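Build the full structure now, drawing on both the sequences and the hints.
There are 2 protein chains.
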Amino acid sequence: MIKFCAVLLFLVTQSLAAPYKPPNSCGYDSCNLGKPDKLNVHIVPHTHDDVGWLKTVDQYYYGSRREICKPGVQYILDSVIAALVDNPDRRFIYVEMAFFWRWWNQQTEDMHNTVKQLVNEGRLEFISGGWSMHDEAATHYNSIIDQHTLGAEFLHDQFGDCARPKIGWQIDPFGHSREVASLFAQMGFDGLFFGRIDFQDRVKRIETRTLEMIWKGSANLDRQSWLFTGVLPTGYGAPPTFCYDMMCSDPPIIDDENVEDYNIPERVAAFLVAANVEAEIYTTNHVIMTMGSDFQNQNAYMNFKNLDKLIHYVNLQQANGSNVNVFYSTPSCYLYALNKAEKEWTTKTDDFFPYASVPFAYWTGYFTSRPALKRYERYANNILQVIRQLDGFSQNNQRNITFVLSEAMGLAQHHDAVSGTEKQHVANDYAQRLSEGIDRSMEVINDAYAKLLPKEGQTTSIPHQFLCSYSNISECLPIEGQKQFTLTLWNPTIHPVTIYPRVPVTQQYLIRDPVGNLISAEYLPIPDTTKNIPGRTSTAQYQHIFQASLPALGYNTYYFEAKTNTKEFEHKKVTTTQNQACILQNQHLRVVFDDQGDLQTIVNLEKNLTVSFTHQGLYWYTSFPGYKELPEIHASGAYVFQPFFSTAVPVSARRSINCTKTDTVQKASIVFNEWASQEISLFNGSLQIELEWTVGPIPVDDNIGKEIIILYDTNIESGSTYYTDANGREVLQRIRDYRPTWHYVVDEPVSGNYYPINSRIWIRDHDRQLTILTDRSEGGGSMRDGSIEIMLHRRILHDDGFGVGEPLNETAYGKGLVVTGKHILLVDRPEDSALLHRVGAQQFFMQPLATYSLPNTSSYTNYSNTYLQSWSALSDAMPLNVHLLTFEQLSPKQYLVRVEHYFELNEDKTYSQAATIDLQMLFKSIGTIGAMNELILTANLPVSELHRLDWMTKDQESSHADMFHQNSLNATIINLNPMQIRTFQITIV
Amino acid sequence: MIKFCAVLLFLVTQSLAAPYKPPNSCGYDSCNLGKPDKLNVHIVPHTHDDVGWLKTVDQYYYGSRREICKPGVQYILDSVIAALVDNPDRRFIYVEMAFFWRWWNQQTEDMHNTVKQLVNEGRLEFISGGWSMHDEAATHYNSIIDQHTLGAEFLHDQFGDCARPKIGWQIDPFGHSREVASLFAQMGFDGLFFGRIDFQDRVKRIETRTLEMIWKGSANLDRQSWLFTGVLPTGYGAPPTFCYDMMCSDPPIIDDENVEDYNIPERVAAFLVAANVEAEIYTTNHVIMTMGSDFQNQNAYMNFKNLDKLIHYVNLQQANGSNVNVFYSTPSCYLYALNKAEKEWTTKTDDFFPYASVPFAYWTGYFTSRPALKRYERYANNILQVIRQLDGFSQNNQRNITFVLSEAMGLAQHHDAVSGTEKQHVANDYAQRLSEGIDRSMEVINDAYAKLLPKEGQTTSIPHQFLCSYSNISECLPIEGQKQFTLTLWNPTIHPVTIYPRVPVTQQYLIRDPVGNLISAEYLPIPDTTKNIPGRTSTAQYQHIFQASLPALGYNTYYFEAKTNTKEFEHKKVTTTQNQACILQNQHLRVVFDDQGDLQTIVNLEKNLTVSFTHQGLYWYTSFPGYKELPEIHASGAYVFQPFFSTAVPVSARRSINCTKTDTVQKASIVFNEWASQEISLFNGSLQIELEWTVGPIPVDDNIGKEIIILYDTNIESGSTYYTDANGREVLQRIRDYRPTWHYVVDEPVSGNYYPINSRIWIRDHDRQLTILTDRSEGGGSMRDGSIEIMLHRRILHDDGFGVGEPLNETAYGKGLVVTGKHILLVDRPEDSALLHRVGAQQFFMQPLATYSLPNTSSYTNYSNTYLQSWSALSDAMPLNVHLLTFEQLSPKQYLVRVEHYFELNEDKTYSQAATIDLQMLFKSIGTIGAMNELILTANLPVSELHRLDWMTKDQESSHADMFHQNSLNATIINLNPMQIRTFQITIV
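Chains R and Z, in that order, give the protein sequences. No gaps in the numbering here: position 289 of the first sequence is 289 in my numbering, and each next residue is one more. No gaps in the numbering here: position 828 of the second sequence is 1817 in my numbering, and each next residue is one more.
No wet-lab data here; the hints were simulated from the structure. There are no misleading hints in this set.
Simulated crosslink set (DSS-like; lysine-lysine; CA at most 30 Å straight-line):
id, chain 1, residue 1, chain 2, residue 2
1, R, Lys822, R, Lys572
2, R, Lys70, Z, Lys1412
3, R, Lys116, Z, Lys1298
4, R, Lys628, Z, Lys1617
5, R, Lys309, Z, Lys1105
6, Z, Lys1298, R, Lys70
Remember, it's a predicted structure, so these values are computed and weren't measured experimentally.
Okay, structure coming up:
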């Protein structure tokens, strides 16, 4: 472990205060801008290194498991650096910091200096610079920002500003999110390039020469979010016949005239054609040629040797009147050349979802693929944010430990990680890494609570805090049979929350709240649908459910003491019905079921709104298995959702319904069949309806792959319009069978209407809005007026032929994987819904972290004398529309803080207004803010030093924005406009 | 062409006089000899680069035709040099000069200096150093020596003595010839390593720990021919699981303990096992591990990076008591360590033919595969030797031109070239290169004759000399219809010869000999079997045949003048019979056929010896096509001869016979069917019977591959013994179904008894010997007592699964290829046969070169006034047992001369005695020998400076020999013992 910690030191020993400032000519100044009278071809040597896909990130790094595929990234970096050293004309870009960091840690100081020189001279350029090239459909903005910050910090610490990535490079992700464009703009990027675009969209843009545009990344942030965006000409590979990688079969340059296969005239002619073809579809006298692809340049000398010759011989033709000038370049230099061209560009305000690579192949399956991994990634992030807070408020400065989970989360954002499009053993590896990161987090949690829990003057060690990682299947073995235990809940939001913890137990307990009062808790059977989940080993048959109101940004501890005297047993009123009509109702909502278990209506009592349901429940699509005779129609698979029939059918003809009512909760358990159920809960006082679904093992004995959706068919007059969020943030309007920027020829009526749902989807009419919040990324849409469908789980027996090479057939314990999850249903007026879903989604995303302990004190009194049972970092209420996105100790006196306004413009009368907060309030328990340095989103540059390139739209709008120069009211009080995120490095005195 | 000539300059501007002498530590002094108390593992990084196989040599060099296979040798050398520079511990060997020369010519002076330093420090070592890794079964010693000399000269000129190869490295050839061992010893090599050995032999040698031995390479040359020989442990690849090449799938070294797949303990343990397993089968505390294979190290940094780590971690275990010490080494350093071990070694006196890689897979098909290429290679060599002589005697110093053919011949010696085991397009490339070399040779020939032909004082230009390349199919278009033309015949031997030229003509000519006398020439129809060969476009229906007696090492010109007056037509006596019994007879021999066309007897009239034939003619084997059910039994293919049935069947049930008798020649034309015939000729005064065979197109309409043999079944009581030559030189005894060094389990009764026939095969009994000389390499043997069979041609419809991936199915003009060839049959007493076959074979191999011209003089008188019609370099007779092997001008005053005694000990009463010649006799026309420097066989070191390692046999014989220090009688008079070759660099004053 010594070794491991040593290599992580850079993360904690460097600071932004004294960046490495070399004498250099990097950045745009190092760019070759070509010749004004020529067609300038920017040759961009690169490699696309998936941080896991067919192999794990380390298998790719080392190049092991060669029977799967050959690549080893260590060799790419070894040989690229050597090739760059050999010839100063050469350029290379590198993207994925997860790999570069692995490599960097194994290099000598000499090599470090060599690489620094290459960077400082612009010969090696870091592009995008995230830990991975993140997915855009299944990722949450919190983690996108984190993984880019992780890479940016590494680059800044090791290389200084020369290495600051200036553009986004999302060449491979399968569809592109507008929110990503907005975030990239806020990261200070001057542009974005990608390779994959819907085939219909590409045709339209080629015809109209609009493959390059200004993307307006936010409906709220105006020009601060605008981003120049370019669709690359040939995906991200070399133009046909010009790939010189060892994995390619294109002809090398043979320039000895005496050799039989001498090919200079033919190769040069072909290149001139390729260049001029590109010039036909773009608008300036600059074109870009990406020379690289997946894991290319393992033997970079080979690639460069041929490119050197190609460039030489093509340019020689200028003497014969050729119009083509070709040279090594980088994407940012190409971008800079476009900027210098002073053109006007079309704009775009929607996004690039969904993505069909070819007809009938809509890459919308991965919105849901591997739902357990998608949830686990959210869970891990929840822990990551909590441990950063705990570390920060305890001032333990343990970034070397939090790094383990940060790194795992960085990997998990990869477009073949949380996307679910990797091989099974690779998915296991991502989960394993998250799990190890969580395990390491326990050190942070315990070290933090060791400071936060003891009452003043108490130096006793705290009882060891542990997670109950299997509480999702109502299992917590360490507390089973214990006489007493504690449950401590850390609320990571800056607002008080009320939650309903469920604690699986083998006996009944007395539960005391932080002030010692006995809590009126329910003691309810754990449902059979949970108990039957394969792998559950707990003997707990019951669960305690109670209401817990937690302080903002702090914790409460609940003390559990086994009831020894049967008299102590509280016989609370529980009513249950079986297969009878039932109504769940609290102060705000009424949920009506008929005796068949069908959801009939949800009524918002206060607003007197009723939503009627025609169908609600679990349905399945038959996965299209592919036809041998029609290989051009892809099967449903990890990427592609391709239903055989365009209608989903119910998972069962009948269902059973059990209703249970207590003071705390009323719930309807609906079992469709042995592998599909849903439980709908209404808690006392709540404005939310919770729906927990359990799906699996999906049967495939019939050799039919199945894709399970949940359907909410209502009488809301939504027409063809529905709304989905982008990466958990802004919401985009969707219209069935329609694309905003081209005449959409509908080739796939279902999957072509699927969009990513990262946090919410809604439909509405004039009076009513049904909003559904999700606990992870899922795919879904509205196939009929008034309907919402969300895909929950997929078990498929064929591969879709896009590379992963495995059917998406997850198993556990020898059976199909069982997955559970939760939706939150909100029914309100449209104008009142934002408050519900903004606050609800944020709390759903950033849940209180439950840790347990077995106190070595023998009684509650002892415990309460020793430990603080409630603590909050805040003393004053914070504005409800502000979220604490990041709170992290960088070094003993340095903190990184991100705060955000998380309402959009005009969606709530009150909370869509600007907010003001005093950051000092966050540091009440730590100290006094001495200095505040506002940084760009990735925290690698003061906003004052950011100067993005300006662009002009066809509508004569300049993209110029003084993005970040808002005045603070005073030193620590700041303003936040709707959807604004602000990032600060804060120094405590 | 400027470029091409420029890069060849090194060949003519450098000389041996002033070799580059760097301050260096190369050679054995640079060797790591390990630790005396450890098992020392010599890691030998290498690459095996076929100079053509699946791709042509240039396709391999550039790495083009990547759809066939990926390798590009340029990248191997690029990256190996870079990897060596990176770490001085690393070692690499390079073998094939054809590739290295290509690469070297493209490098900068800086790179030249870098490589020179690596060579001088022993980090890059040239091993074997031939132009190619030559085949051992189908090559002639003349060309083996030439191709090694070509590589050796390049290395000497560029690098000096540090680059002198010290060992033979025949890792891939498919069987090993004793003559090669002898030649290698004479090249100054200290040892030989190879990878392929018969599987039964390997087992025996493993059991007896005799994989390393002293091979006694010659039955005549004693210790001068002894060569330490080692069979490598794992073919020539890495031990299983330790291949780190990009083409391999073995696990890389993963040495980060934090990585899931960390594998140091497992890898180290596996390596220790592998090392100790090797130690079990060898006899010293040194073992060798070859780390490389076909075209490996294209990305050498990858290979070395892992090997660096492997070595590091394995040696770390010494601290824990491991007995293994591992380090980078070279084969010569390993050899040196063995030498230092001062062991005693077993000896071997036979050879390593035939080679069966696995049961039933005898690699004896390639002895015959591609018979046309095999003949063309001999033809090209004949021309090469002639043009060197012509260039030398004309003192034109045109090595830059002769190099083209030398290079093509160097390539053609490759073990996938003349062997016939390459893909068709590659075979075409070899032939194309030979053809281009021959085309370039015409410049040398014309420039030489421009000096040699004109009479003194005549400055007129000579008429352009040209070849009739298609005279093998009786076609010479340029002379068709000409009124006059000349035929000049250069005799490259140092003895006068009598030959019977055949000139295809469209009309009858008067022919004058060099003194102006009209020759009595025959005018005979060209046989239909020749005229019907596809591709023949000549309209010539007749051929002139006449006797020509040529001076030693010189030429005669014959003047042809069209007969214009019909009276001039000579009506010579020609008798023909059809399908009748006939007898061919001259002063020495009688050849008897019955009326069925069957050869009955050959009678040696002088010696009163009769050999009767029971069967003679063309037969075929059915090629085994492979069974899907039995993939372990390989099909017959380019490498393997695997007959389906062990009996060959006649190509026809009947045959026709036409006999023609003239004063000059008597011949029997026997036609078996439309694709198989033989013509047996007996020339006036000749001691030889010529048999010309024509085979093809072999029919395969029946989907059966066929392998055609010629059978000579006699009543000679030969028992199971027969004799075949090795590479055209010494002859080895063969015994049917027997191996001299192990108990041979006969798994294949036919192909397991096939041996290479490079020049001759014989059987004999007490009184009679039937010797058959061949015009190219063929395979054959004696399957029954008294029988000789020789395979002539093969047309096969399946691949044998050993890599070439194509059936050996040669076609031309849309049909199976037609091939013609010649055997010379000698019948004499055994004790008298050597004189016949030694002299006959040498003349057969080194035939006079016929060039034609169309003189611009109008009459013979004009011509004879202007040009010398006869010339000889010699004025005195040379001993009949001496052959001029090499005569080549190196620079204006420098010549390279090789002379050899070409009789073996005790095979002829007279000519098996030592011979004495005066080299000055060769230079009569050039000047006076000023200095003679005797060199080793490859002409890259004075014999006086050669100090080979000494070895001790188990019989207590030391290999020490003062090999080359024989006293000359005086300055230019030298002795030659039987089978001795001596090489001299001669300076003319």
